[in-house]
Structure formats: C-alpha cells, structure tokens
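As they're listed, the protein sequences go chains A and B. First residue of the first sequence? That's 1 in our numbering, and the numbers climb one at a time after it. First residue of the second sequence? That's 605 in our numbering, and the numbers climb one at a time after it.
Quick caveat, the hints were computed from the structure, so don't treat them as lab data. Glycine is no exception: its CB is placed at the ideal position from the N, C-alpha and C atoms. Heads up, a few of these hints could be off.
Label-pair distances were calculated between CB atoms; the ranges are [what the hints assert, rightly or not]:
| no. | chain 1 | residue 1 | chain 2 | residue 2 | range |
| --- | --- | --- | --- | --- | --- |
| 1 | B | P621 | A | A531 | 52 to 58 Å |
| 2 | B | A633 | A | S111 | 41 to 47 Å |
| 3 | A | H154 | B | A638 | 44 to 50 Å |
| 4 | A | A531 | B | A643 | 58 to 64 Å |
| 5 | A | A204 | B | R629 | 32 to 38 Å |
| 6 | A | Q159 | B | R678 | 43 to 49 Å |
| 7 | A | D385 | B | E666 | 45 to 51 Å |
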Amino acid sequence: MLARVDQADGAHLKLAEALSLAAARHDGNPTVRRVWLACGFTPLHLVTYLKARALTSRREALDIRTGVFGDLPGNLALATADKPAECAVIVEWADLDPRLGFRHAGGWGPSLTRDIESEAGRQIDRLIRAIAALAETSAVALCGPTLPLPPIGHTALSQETAFELRLRAAAASFLARAADIQGVRVLSQAQLALESPAGERLDAAMDLATGFPYTVPHTDSLAKLLIQALFPPPAKKGLITDLDDTFWRGIVGEVGVEGVCWDLQNHAQHHGLYQQFLAALAERGVLIAVASKNDPALVAQALGRSDLLAPQHLLFPVEVSWGAKSAAVSRILSAWNIAASDVVFVDDSPMEAAEVQAAHPDMTCLAFPRSQPGRVPELLRRLRDLFGRQHLVEEDRLRAASLRGAEAFRQESGAAAPDEFLSGLHGTVTIDFTTRASDPRALELINKTNQFNLNGRRITEGEWRIHLAAEGSFLAVVSYEDKFGPLGKIAVVTGTTRDGAVAVSHWVMSCRAFSRRIEHHTLDRLLAHFAADRVELDYCPTERNGPLSDFLRSFTELPACAATVVITAGIFEERRPALPHAVRGIGNGSDRNATSGMLLEGVP
Amino acid sequence: MDRTETRLQECFSKVFPDLSRDQIRDASAASVGAWDSIASVTLLMLVQEEFGVVADMERFEEFTSYRGLLEYVREACPDG
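Generate coordinates for the entire structure from the input sequences, incorporating the hints supplied.
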C-alpha cells in the first residue's frame, strides 16, 4: 500500500518551495501580470509552479487564469476572448484524441488506429485555427505532447509501429505550423528532455485520481521552460574572443601564421567549430570582436588567411596589443557603444577571463575548453542560449557594416562644420506609419535600446500587441541611409494621439544613428503628420538615457523623476537646428494602417 | 507536539497560510472553506515530498482532516 520514494532532485523546486514562492508577492514589484494557461487537463500545481518560476526568474507575480477540464479548444477560445498579454498552451496526446490518454476507454484495438489518426488530424486543424486567433493579441508559448503514448502499438516496446510514427509526425507537423504563426514560441522538446527524462514525466496515479498527469519534477521543468519562452531574457549583442588556443589552435607567435590550425587533420576541429559558430552569430547580426595579446603584424597576417571559417571581415574591432585584456575590451565596448552586460567574452586562459571579469563585472566571461574538445559543444549550446532571439531581421545584417561606417563617419564629422557635414551626407530619413505589430524590429528596438530611450520601460510581445490594437494608438518606425550606407530601421516612436497632442509612450533610437539629427527630423515629422500643436513625452530618467535627456533638454527643462515632458510645436520650431536630410513619409494620419500616402520632402 | 506533527503542520500552513497552529490541529474539509479537492491533492503531494511516502490514491477520500492525515503519516512513516 505504501512505499518510500526518493526526494525530488535538488535541481527542481520542491512543491513546498513553489507554494511559498507563489504565495509571496515580490516586494519591489507589486504589479500582478495576468497570464492564461490553456490545457486540457486539470492544471493543479502547474499553476503554482508557473507563479513560482515567474518570481524566481522575473521577480514578477502572475495571476494565472485557466479554463475547464477536458476542453482545450474551448479554453483557447476563452483565453482569446480574455486577451491576456501572455498565454501558455500545452497540448498532450489526449487533447488530439481522448483515446490517447488514460482517462478514457474508447478502445486501443488495431481497427481503431485509422480513426484515431483521422480524429487527431481534425483536432490539429482546430487547434491551429484557435492558436492563430489567440496569437493575434497574445504572446503564446506552446508545448507539444510531453507524455508517452499509451501502449496502443502492436509491436514490442523496442519497436515503433507505423501508426505511432505517423502520430508523432502529425504532432511535429502541428508544432512546425504553429511555429510559423507570428507570436507563437514552441518549446524545445530537446531541452525539455534534458531537464525532464521522458520516463519520469507521467504520474498515472495522479492522472487517474485527479486528472493532473504530471510528476512534480516534470511540472517544474515545464513551468520553467514556459516562463522562459513567455518572458525570454534579452539576447546578448556582442562576443569578444581571444585568438591563440581559442579562435585557433596554437600560439601564432610560436608556431607562425601557417602553424595555427582549426581542422580535423590537425586535431583542432573544436576550434573550427567555434569559428563556424562565430560566423553564424555574425550572420545573425551579433557583433564579433577580437582581444588578443599578440604581435599585431602577425595577427594581421593570420587573420588574412583565406581558409578561416570566421573570416576577417566579420571581426570588428580587432584589438591586438601586449596591454591588459580588460583595456582592449574597454576599447571594443567603446567602438560598439554597448554595455558590458550585453557582451560575452571567451578566452582559454582562466587568468585573462578573471582579469576581464574583474574590470567588467557585468560581462559574461566564459572559458574556452582548449584541452577538452568534448566540452566545446556544451560551450556552443551555452552561447546559443545567451544569443537566442525570437526573430532575425534585415537590420541584423546591416549592423556590423554600419559600425565600420560609423568609424568613417566619426573621422569625417570631425573635419567639417556640423551643418555643412550633415548636408553633405545626402541622407534620407524614412518615417513609416504603416508598420504592424507583426514586424518584430520595432519591439526589438524598444526592448534593447538604452541610451536614446524615453523611459527605459521594456514591453512584452503581448503588451505590444494590446498597445497597438488600442484606439488612437500610432507607431512610427524610422529608417535612415546616407552616403555611408543604410542603417535600416533605427528608431521607433509610439503612443496615442488626442486633442491636438501626440502622447509618446516609447521613443527609442539606436546609438548607431546618433549625431545625425534624425531625432529632430522625427519630432518634426510627428508634429506635421498628426497636425499636432505639442508632443507629450512620458519621460523617465534612467542610468543610461543621458543622450535622450540631452536632446530633450535642448527644448525644455527636465524633471529629476518620471513625468510628462511637453514640447510645443512653437518651441520646437524656434530651437531646432537645421534639418539636413530628405524625409520620406509612409502612411497618413487618418488611417495608420494604410499603405498609401507616400511622399518625399525635398532636402533643405 | 512531536516532530512528525510539526512537519505536518508545516505542510498544512503552506496550503492554508491563514490558519493558526491551533486551527490547523482541528482543520477538516468540513470546517475550512478553502479545503477543496485541489487543497487535498496539494496536501498529499506535500506529505509525499516531506515524508517520502507515496500517497495511496485509493484512500484519497479519507484524507479530509488534519487528524486523518496525521494518522496516515504515522502509519506510513512510524519513525517520523
């Protein structure tokens, strides 16, 4: 009747701990975020664990709404009607056909398999439609079947039947279709398997007694991944790498330019894999730089080798000297104009990593396992996680090139008077009022920009969709290009319009676009576009938004704390500098979703 | 109050944080408004976690009072 069991794995939150966390409200953040959990089973302590994991990872309290037992499509419809900013959705086999669960007795005979397959296919179509409707207004984290199929196949356990394989293929196809829906994030089954072994997920006794099918450790693993998917941490922006025994095998000063290697024949494939990974990161827009204690001339020759898997043009800046690594890292951060907390440093030397970490405590410093090739995949997995992003956009491709352009920009701008220099750029500012919530670039800019940022407030994808669907809201996305090349979409302004005023809730601009008066053009265009007599800015000083504050201060005095800052059209016109660029506007004020209304204003 | 009872009271206070120690001793599904089926399951899971015993779901209906659960734990875990 009774049996002793092992205590839960220490890596998991115990139920008692989860209950204590879920009951507590974090002192520093009294707000409660409303989140839906849509599933076909009784959610029981999955709710507790979602609350606990939100508190441990985000320090945020959740109010979790759930639907009724056994009706996943109905619960998805309820969630859609409630319009939460975030919704977690779990689909188990029993949701595709109740006969694939343990709480129904509709038969498992061979004569039924065709019918079960058909029913599962129909249910998948229903679920896709329901999830697409939900994702119109909510960010959705979707988890596919995590439990084992019932013993429905006719083979011994060492074999799969074609029926089981077709069911798994249908589930995989369902998840792939869902992943293509904007706003849906599908949980990684591979990561779940690492955290929760397949054989330790089902609590059959609990399922039969209560309708909740998961063991406590599996519940915790699921909750952890769902929270990570709903509220992903900000992705790192740059990676600084060492060269010798990291980027390549060998010390270039000892073995020479042709002696360093990164291939299989020379037992250095793990360095080649690292280079290959860096090249892929660069292609996704991650900044890659080099900090090496070395002879600059030798390194220049080595980086000129044509067989590099991460070729030289992907690396900027390349800091090579005999000085401290931390000083080289500081110079790279300055060239990139990003914070240490956004950067990962990789070096095979623990001493160098410790020196950089001491000087830049917010940076993530990782060791390259040069003498343990088998651990390199683990390092690459960690890097994938740190640089993981929801979307890849065109601007990612432009970023590295525009940083090099910025260097040329800085050199030229120092030699000419500002007005003359800026006019000579032949710049074009494009301000697009037709962008939709489905364009990920605007939200990405809001959530990763620090220096030219009106208030530093981050916003989830669900909140973003709700904001843009609200009456009177607008979104302006600003792009720029000049003789140094395109910068892509570099600024976002959003808010609402009312009574002759433009109320701006978020205004951000990439630091790559500073010193070109794009912000002046933006404000000018905003006032004209909405025929407004003033702009009301929801300003809040932060530790890092000095550039935005300096810009506003050129028009009005700024409060020391969060407050609405007003700039009238008259003051703006009186105090603004010359506007040097051509402006291209897309969209008109009466219909912010219109795609017509394009115009090009002349260069002054 | 012995160690078993102290540990069980801790389990109860996680599920019913508003009850005092004395109220927990007299708690039952009939007397505590918040004691529903979800609370029963949560209590059983906590007992399993705290005392390392698998709850016998066939006796689920019996676990409707503090004293009933205390008796169950003492039977399953005589050493506390």
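Here is what the structure says about each hint:
no. : hint                          : in the structure
1   : P621(B) / A531(A): 52 to 58 Å : holds, 57 Å
2   : A633(B) / S111(A): 41 to 47 Å : holds, 45 Å
3   : H154(A) / A638(B): 44 to 50 Å : holds, 48 Å
4   : A531(A) / A643(B): 58 to 64 Å : holds, 60 Å
5   : A204(A) / R629(B): 32 to 38 Å : holds, 34 Å
6   : Q159(A) / R678(B): 43 to 49 Å : holds, 47 Å
7   : D385(A) / E666(B): 45 to 51 Å : holds, 47 Å
The structure shown violates none of the earlier numbered hints.
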